[in-house]
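Engineer: So you can see what is in the structure, the chains are spelled out below.
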Amino acid sequence: MKSLRALLLRLGELFRKERRDAELSSELESHLRMHIEDNLHAGMSHEEARRLALTKLGGIEQTKENYRDRRGLPVLEVLLRDIQYALRMLRKNPGFTAVAVLTLALGIGANSAIFQMLDALTMASLPVRNPQEIAEVKIADRQGARGSVEFWNAQASYPLWEEIRRRQQSFSSIFAWSPGQYNLSPSGEARWASGLEVSGNFFSALGIQPALGRVFVDADDQPGCNAPSVVLSNAFWQREFAGSPSAIGKKLILERQPYEIIGVTPANFTGLEVGKNFDVAIPLCSESLGSAEDNRSNASAEWWLVVMGRLKPGWTLEKASEQLALISPGVFESSLRPDYPRASIPQYLKFKLTAIPAGGGLSQLRESYSSSLWLLLAITGVVLLIVCTNLANLMLARASARERELTVRTALGASRMRLICQLLTEGLLLAGAGAALGVWIATILSKLLLQFLATESSPIFLPLHLDWRTIAFASSVATGACILFSLAPALRGTRVSPSAALKSSGRGATSGPARFTLRRLLVVSQIAFSLMLLVGALLFTRSFLNLTTDDTGLRWQGVVISYLDLSRLNLPVERRPLFKSEIVSNFQQIPGVESVAETSIIPLSNASRTNKVWMDGSDPTQGTESSFSSVGPGFFKTLGIGVLAGRDVLKSDSSSSLNVAIVNESFVHQMLRGASPLGLRFWREATPRDPEMRFEIVGVVKDSKYRNIRGKFTPIVYLPQAQDPHPANFAQVLIRSTLPPAATIAAVKSAVTRISPDITATYEVFDTMVRDSLITDRLVAWLSSFFGLLAVVLAAVGLYGVIAYVVAQRTNEVGIRMALGASGGEILRMFLGETAALLSIGCVVGGLISLAAGRAAAALLYGLKSYDPLTFGLAAALLAAVAISASFIPARRAARVDPMVALRYE
Amino acid sequence: MGERADVWQGTLALMVLKTLQALGPLHGYGIARRIEQTSGDLLAVNYGTLYPALLKLEQEGYISSEWGTSDNNRKAKYYKLTRAGRKQLEKEAREWEQTTEILARFLAPGKESA
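Protein chains in written order, with my numbering: chain C, 1 to 906; chain S, 1001 to 1114.
Worth flagging that the hints you see were computed from the coordinates, not collected in a lab.
Even for Gly, the Cβ is constructed at its ideal location relative to N, Cα and C.
Some residues of chain C that are not near chain S, with every Cβ distance over 12 Å (derived): (1) R88; (2) D119; (3) R409; (4) C421; (5) T738; (6) L820; (7) G854.
Here are the computed lysine-lysine pairs in the DSSO-like style, where the Cα-Cα straight-line distance is at most 27 Å: (8) K702(C) - K637(C); (9) K17(C) - K1075(S); (10) K56(C) - K1018(S); (11) K17(C) - K1077(S); (12) K637(C) - K705(C); (13) K64(C) - K1080(S); (14) K17(C) - K1080(S).
Take these sequences, add in the hints, and give me the full structure.
Structural biologist: Below is the structure:
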């Protein structure tokens, strides 16, 4: 207690030094005066009295020194003095400080931002009880599965889920869910709620307690769904019901069915998909509430569920997988329904179930962005390395400039440790300022990143917050950087014997060969890193350009997509084709519209339908996979696909006429080896809804991309929509117009309302859809270009610094050379030669690293190889141009120097 | 740091406290002289070492100080014992007596060598 009180008092003393010093002086003065007086009384002479008093005291300054040591906290005072000194030094060099702090902040900020995103996407756990116990059940290898996969991670059909639930023994509870979109509005324009269809035990298995009311129990999910109920997400409850508890018990209309609101989930639960949220959760039994044709609960070729479970205590994933493999034959055997294509049943029965960890939730973002984010993290890591080498170079240059100061202070008795501490303090201050600014930049950057990645059609909800991991990451990077860039120069700068340094006058040991090697090494590594980033920037930019300019075989400028839901019209199946063709001709009447066509697959939207085909008379087992699309008349015109031979889809193609098909060039090439296709017939394998069917080829069109731009040209079969035996109760209509998209959409909207207010429609601009699909590529291209440019600028700064320094150090030598007859050109060449040497070593090293690193990024590139020679050449040339110009300025200064001035230098 | 934990430092603090108890408020010079006199001039110390010791005692709250005037009308800083100082003095004096007693027993001739 006493020592704590003393410590606090001593801490307080730091702030009133002057007053206390004055007080001590007067106290000692009064002491001496009294002592002298006493001595005088004792009969000494004045001088004798004074001398004795001083001797007895033991020296005024020593006493004061000891007193001060006791009074304050010497270590802290020294530290404060170091900090004050460092701050003064940094203030004296505002340019250096600004460059150092800003580049460091940018480096740390970019790293933290990307890390924050990666962290939120890949490392966060679901906000559920013991997330590490949650596992997902999926089919180990689903190659050869038939039917429709209704969302990116759908792993099970309803019968399959029921069988898994019945037979599994590895999980204490097992549940299924599926995402969906539900229309909230009872009539008129659609208002969508994103929803989850969940099994009755979903919430209890996850351990989620309701924030209000109750969550589902098994009784809520019974066949028939007699009393359908809904659980709201907290956000939806706040938005739609203003967070009022009276919402419980009210009815919510979803897809024209009333659901009773029974509860609200806690705010931190946003579903099991990272980056997505949900508005409402309804039980799986709701399937039976809609129309019979939409009911998926008895189809084994409809893949729409995710099955997850909580492992029993003591069970591992391996053990669970073993047990799942054991029950697999029985599960698949009994989950078969008549809709499953007979030919594919043997493969179906061979599927094996397995368990994978799912405590982090599912994430399409994770699947699609994490490789890009890791790449960006690598890029920003290299940027940070460049920033650090640049800073090391700057610090070293300053250490050289301050060499005399350091040696003088060493000569005056400063220990090496003290000097290193002081330089280290400067480094830590820079790093601290850089990190603080960097964290601020990171929060802004990661928000920008999210905005960049989110599109209108798929908003991203990621809880991005500065948590301790991001802070730890940023500060460890900063501290590492600090040690890297301040300690090395500090150690070198102080490893000088004072006498040697003082003797060498103006030019200290910095100009010695050893010191130079370090600075050259720094510049070479800077050039190498910069080349890496430049190569990356060029590769990704060119890859992105390839993606945007590559011929897709499609012309979509001015095309608008409308998704029309006709289910409310309750049209009988046989009336649907006519109704849809009426809609199409109605749209064609809109002024400015050039062509309109229906299609079952929107190209480049990642949708696909693929079946095995074989030519009439050939061996079915030798068939090839081909993509399919059902299109209406005018489809090829609307998307600018050229008809090469035969005919387009005609209005006369109907369910009563011969089944015809139009194929693309790749189909002709692969299936017929180029033989004339018109009039030939081919078979399509049986599907969940249709038996094997035969089609006659009546036309050939040019190749076009199918699922996305990255894909290659593959065989595509276009079937007339009117011949589809199962006309759907929705339609996807493409509208090509000369009007701007917004005007087209407005006109189409009013046309739809005129046709029937019960049609719910959604619209998308084709170009926006394509642009959104290239978001990651665009992001990587932009960011890598930005960082590449930054790297080049930093390399230029570094090279300029080194050459300017070399020139300054060798001015004397230049004078001698010129006096001996060297021309300005020769001097210029001498210094530029130095640059060229550093540049070529750096480029070779950087090129080799880029080659190695490029292989990791190869998967993200489109249309060029990671070792693309042109890119490497371009990057090296660009870097060389910048480097030479950066060193040209100081070199020319040297070449223009007057020999007399140079000789007199120093 | 300035703290030298030798016997002298510890005993000096005790001597200061005892002096202040015996004589009441006193300035540094007076304390130094008193200690020197009491020791019968056996202790020849630098008066300067007294001041850090006084500061330490003040920081620990055993003594307090204020400026006053001396007998011959000089300004001087006077130190006086606080309540905590009084207690501390009793405690330290007791401990010191114990220590010397123990040491005395050790050093007393003959008794221990049986």
